[in-house]
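Trainee: Next come the chains, spelled out residue by residue.
Number of protein chains: 6
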Amino acid sequence: VTDAPTILVVNCNTDAAMTERIAEIARGAASAHATIVGVTPQWGPSSAEGYLESYATAVASIDAVAGYTGGFDAVIMAGYGEHGREGMRQLVEQPVVDITEASALLACLLGHRFGVVTTLSSAVAGIEDSLRNAGVFDRCAAVVASDVAVSHIGDDDDATARALESAARTALSAGADVIVLGCAGFAGLDRRLEAALGVPVLDSVACAVQLAESLVNLGKQTSKAGPFAAPDSRKPWVGPRLGAPHRVR
Amino acid sequence: VTDAPTILVVNCNTDAAMTERIAEIARGAASAHATIVGVTPQWGPSSAEGYLESYATAVASIDAVAGYTGGFDAVIMAGYGEHGREGMRQLVEQPVVDITEASALLACLLGHRFGVVTTLSSAVAGIEDSLRNAGVFDRCAAVVASDVAVSHIGDDDDATARALESAARTALSAGADVIVLGCAGFAGLDRRLEAALGVPVLDSVACAVQLAESLVNLGKQTSKAGPFAAPDSRKPWVGPRLGAPHRVR
Amino acid sequence: VTDAPTILVVNCNTDAAMTERIAEIARGAASAHATIVGVTPQWGPSSAEGYLESYATAVASIDAVAGYTGGFDAVIMAGYGEHGREGMRQLVEQPVVDITEASALLACLLGHRFGVVTTLSSAVAGIEDSLRNAGVFDRCAAVVASDVAVSHIGDDDDATARALESAARTALSAGADVIVLGCAGFAGLDRRLEAALGVPVLDSVACAVQLAESLVNLGKQTSKAGPFAAPDSRKPWVGPRLGAPHRVR
Amino acid sequence: VTDAPTILVVNCNTDAAMTERIAEIARGAASAHATIVGVTPQWGPSSAEGYLESYATAVASIDAVAGYTGGFDAVIMAGYGEHGREGMRQLVEQPVVDITEASALLACLLGHRFGVVTTLSSAVAGIEDSLRNAGVFDRCAAVVASDVAVSHIGDDDDATARALESAARTALSAGADVIVLGCAGFAGLDRRLEAALGVPVLDSVACAVQLAESLVNLGKQTSKAGPFAAPDSRKPWVGPRLGAPHRVR
Amino acid sequence: VTDAPTILVVNCNTDAAMTERIAEIARGAASAHATIVGVTPQWGPSSAEGYLESYATAVASIDAVAGYTGGFDAVIMAGYGEHGREGMRQLVEQPVVDITEASALLACLLGHRFGVVTTLSSAVAGIEDSLRNAGVFDRCAAVVASDVAVSHIGDDDDATARALESAARTALSAGADVIVLGCAGFAGLDRRLEAALGVPVLDSVACAVQLAESLVNLGKQTSKAGPFAAPDSRKPWVGPRLGAPHRVR
Amino acid sequence: VTDAPTILVVNCNTDAAMTERIAEIARGAASAHATIVGVTPQWGPSSAEGYLESYATAVASIDAVAGYTGGFDAVIMAGYGEHGREGMRQLVEQPVVDITEASALLACLLGHRFGVVTTLSSAVAGIEDSLRNAGVFDRCAAVVASDVAVSHIGDDDDATARALESAARTALSAGADVIVLGCAGFAGLDRRLEAALGVPVLDSVACAVQLAESLVNLGKQTSKAGPFAAPDSRKPWVGPRLGAPHRVR
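Protein sequence lines correspond, in order, to chains A, B, C, D, E and F. Everything in the first sequence is counted per my numbering, starting at 1 for the first residue and increasing by one. Everything in the second sequence is counted per my numbering, starting at 1 for the first residue and increasing by one. Everything in the third sequence is counted per my numbering, starting at 1 for the first residue and increasing by one. Everything in the fourth sequence is counted per my numbering, starting at 1 for the first residue and increasing by one. Everything in the fifth sequence is counted per my numbering, starting at 1 for the first residue and increasing by one. Everything in the sixth sequence is counted per my numbering, starting at 1 for the first residue and increasing by one.
Bound conformation, chain A alone (with noise of 0.2 Å):
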């Protein structure tokens, strides 16, 4: 167990000002003594909403993981209903947290059921693949979106607000006590959705933060002895190889 833990967040697409905007956010979650490193991507979309985009995402992800020469003790994916989660798993041996399934399971604990509102409706299909792999998805009311896509998020804040409330609207008439924000871009508004809402409203990467310094503090790692057991490194590859695990420092 490690007292200044180093904690990379992983934007799952290439714009670096989305990165940093995603790090400062899990800087005002992370304790005083933990570092977070932003991570971006070095090929992929701009950003993520839908099937194709996200098979990308995932394995630039877990690319610039693989290339990251620096110690580290957690991996946040921070690309909200994007895959790559289990292949990240197998990648390293340190824990790895899905803003995904992080806010899904914190949002377990606070009420009966959660609604998730992200982006654009082709986002839709894949973060419900995604809780259901998760095994969360019974406590799951709805996924809404409201279409304000990942690269007009910061344009007008007002906007974007609203949208987000109408969305979460639907989801509390569709049972749900809880509101997740589906997508690592939409950090920052949960205050304000909580004060119009009077529900709790959870930012995924704040609670990833949160998951990813508990399972540091237990000194806990992924399990290898399961689908999650390192590739065999001996493997031909052609292009980079993507998975000589990386060692717990």
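Take the hints with a grain of salt, since some may be wrong.
Stated by the list, open to error - Here are some of the chain A residues that sit facing chain F, going by a computed Cβ distance under 10 Å:
# : residue
1 : Tyr-55
2 : Glu-86
3 : Gly-226
Stated by the list, open to error - Cross-link-like lysine to aspartate or glutamate pairs, in silico, EDC-like; alpha carbons within 16 Å at most:
# : chain 1 : residue 1 : chain 2 : residue 2
4 : D       : Lys-224   : C       : Glu-194
5 : F       : Lys-224   : E       : Glu-93
6 : B       : Lys-224   : A       : Glu-194
7 : E       : Lys-224   : E       : Glu-93
No lab work stands behind these hints: they were computed from the structure. In this text, a Cβ means the ideal position worked out from N, Cα and C, and glycines have one as well.
Chain A is fixed; fit chains B, C, D, E and F onto it per the hints.
Mentor: Relative to chain A, chains B, C, D, E and F alone:
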């Protein structure tokens, strides 16, 4: 958000020595600035290993918190697989973390499927119900009894550890790659079992402490917009009233 | 097999007048040679419409039966959607019939999907949990609140009947073709609602009486080979012990 | 509500001697004032142990009831796991009780999980379908074949009882704490098996009689508001029409 | 593997003109070297729109194939949502393709969720059962009745198309992105609906022809290692025997 | 509808010799007028047997098709259990047939439950996810590893066949009556295994060819009305863009 949170750790049974052992484990897992207060129910069984005893502990635990006169920031329910979680969430505005739910949630971040090793076979059905109602049963490979009664846990540490290891191996054979210790009284045996098995082994009390602190750090409260809204405080009761909701300090 | 069975009908709350009304309904549904004994818990809420109150009624109901000194042949738990069913099955050797489970089972024989009309929205989640744990939730089209509190059921029979009819029509629109009255206090309104709706409407107390007599007629007892085995009677308790099992007379 | 109900017990196969044995069992389980009428299909297999034979028995059973000219108050379908239940519910207005569904429902009241012991392995898949469509498969721990063909049940009572006991022990090992005899022809062996196993053993015909009388006592009919509405009686048929609905006398 | 397969297309009802229309559609979908033989049951309803009629068509269809004296390479069951699939698979060794299952399977390859538009609301529950037993109901967004009775399909093609389009739009709103025409009699309307809706619309008979030819091309037969093994041919029957298994030519 | 379709068969790994073997199997299964074009990803692992490698193959496969400059009528994804299916469906307008989904669908037509025999145990969890997301996992009795690595399949045909037979027998014991060969590299072993086991054994590549030709024959395209709509082609990418949708020729 408080800087020095007080967390109530409610043992489910009337064995005050066990409360103290659980509180010690919780203190070991808590951050330096947190205060852990052990709470023992005033009535009920000395241990709970089945439905009937579990219902009693649910009400006795709620009763104990309802009667607690100090301030606090979160409640940990330290009875693995015991009833009462949803009722406690009606009682208080602070976050309520059940060790059953907490350890399952963190196990989901570390492996593909988790297994639970518990005390007697009479406890298994209730644990399965609790995980199902928590919405995380799909990720559970097996709940396995070790045939160590709660009252005999401390009798012979080596025998207890051997029984848990044997039960854990059964769970691994059923597909688990992470093990949860399914009794608050097993606290402290996680490291030994982890060394023997080579997979992550989670102490459920330590998990709950981490998640309770996480929710306090995030400044979140239990949702009152759904079924966890406080009951009507004007409703007549015969005998001691449960349910005058605690205000957040 | 007895020719003149005695059936305990345990109201879940402390309202003795309601116990008497429920017992009268039960007598109307029972065979001529059966004796119905109404039982009122000694403590707890005057009505139960949510998790917290429900846990209290579970233990108070078990307590009331544990303290009953006469002989009996079956126990009916007359709180719709209330906890305790599995604990009562540990307490006694006689059959235990929960009105929630009983009415759902008979509804399954009469239609394709049943709908439940209940009191307040705060009761819905617990009813859904109860039906899910009973294994019959797949056949339930909807649980709909009528917004009639238990304490106001008798205030205005016409208003209550209209509220139930409206809730029932919502359930029919959701796919139900049979309606279950989801509160013991609604007893007696089934005929009126049946006439208005043209579908079978089941009184849950009457259903439970029929099933309790059925099990007595068949000479069957609660299984003690699984989780409903009696708890260890030597285990220390603080306060009144629940769980010294009743012998079948 | 009639005081002296007539209940049709429809054997699924063309073996009139078996019809008579089943009717005798039904008479033993019925109340004194009830009349049990055994009905044998006019065509079809001498026993049904798989999908193909089961579809034939479905239509032959419906045919037999459609052609029955007397009055009656309820129909029992006495083929365990056989098709036809939903069609019979369209045919008549009276309650229709399938022995598969009836015994599963009562088993749910007596234990945590039930097991079914049946005839040949060819019957298992259809039984599982029937329980799944009835919505009670979640409570079923296992369906186990005894390898006793329907046509050989009476050959050697001791051998049959031993085979059932062995199959039941397999079901208990799979988590059952109640056993259902999954063939109408096993009627009468429940007491012997119950004594051997120490768990409740349910005769499915006796269960159905109790539930049929329960529904008659409650004055309930099959819902015609959903998929069990009578088919259009003006629709042309080639050959004997099924489906001119029986009026309730 | 045959080069010139003969495929039986079994209409579920006794309307020979409909059989001919279905066979024509099948011929249009079949490869040049295939022979399509329309088969009409000898008895039963002129159309099937609910459980009772569906059971009749199941047995009449099996009867028709059992009595067919020519050689054939595959059987298509051309009643959407009708019973009998599993029984037909016991009867013959050749592949059996149900249009319900076939169209659902191909729909799964073209979109995320499929919707079914069918005839009357009385048919919906049986269709849902069929998809559930086929294991593909999770991919079905909705089954929607168009209120066009089978017997009126050809009355007014424009009115039928409008009714189907309206029902399909309801299914799309429920999340479908592919539409299945849920009645053999709707054959030929897929192109028109596809043009109107802009999503793939599948004719279930054409789908079944493709899959039947696929299985013939692959040289595969129905498995006889499980519940589709032929029934015991020595078992006595009253009336015409179903089930003397057809040999593959 | 084209008379001479071109079908891309995309190997998931970078082993060009395996691509050629798979293409040969595909040609053997295709109709005479079809053209099979083998496609090998330009980068990625030489074989994929777990999550991390699977994500890489998903993107490399999409990349390979995105860069393919010829015309084509359908895409076959020839990696059993590998990711990418949903992303490829966004990329192209033509039908996309995954060998995992294709073989499961045809298996559903031939038996009651199918079993999958695959390579290493590291691949099992991903295969189960793929079948679950495809909506056909309910029909799967078991996924069994043969412990034959992809890279060793051709080393010793007899040893491979024996290992597959042993794994298949495990699947049959778990309730399967049809076997699917769960690796594209197993192509050609289906006949041998079928002879040994006496149950249908499906080669997944051959199944996919049949279904791809079926969809081409029916003139159907991937639905663009839901989550498989093409991604926004104006979105900035760093590195090679995936996702400029292919037009149907």
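Trainee: Against this structure, judge whether each hint is valid.
Mentor: Verification of the supplied hints:
Using the Cβ-Cβ criterion of 10 Å, the hint placing Tyr-55/A at the interface with chain F is satisfied: the shortest such distance is roughly 4 Å. Taking 10 Å as the C-beta contact cut-off toward chain F, the hint placing Glu-86/A at the interface holds, the least distance being around 4 Å. Evaluation of the Gly-226/A hint against chain F yields a held restraint, the C-beta minimum of about 7 Å falling below 10 Å. Of the pairs offered as hints, the one joining Lys-224/D and Glu-194/C holds, with about 12 Å between alpha carbons and a cut-off of 16 Å not exceeded.
Using a Cα cut-off of 16 Å, the hinted pair Lys-224/F and Glu-93/E is violated, with the two alpha carbons roughly 39 Å apart. Distance restraint check for Lys-224/B and Glu-194/A: the Cα-Cα separation of roughly 12 Å lies within the 16 Å cut-off, and the hinted pair is therefore satisfied. Of the pairs offered as hints, the one joining Lys-224/E and Glu-93/E holds, with about 8 Å between alpha carbons and a cut-off of 16 Å not exceeded.
Hint compliance for this structure: hint 5 alone is broken.
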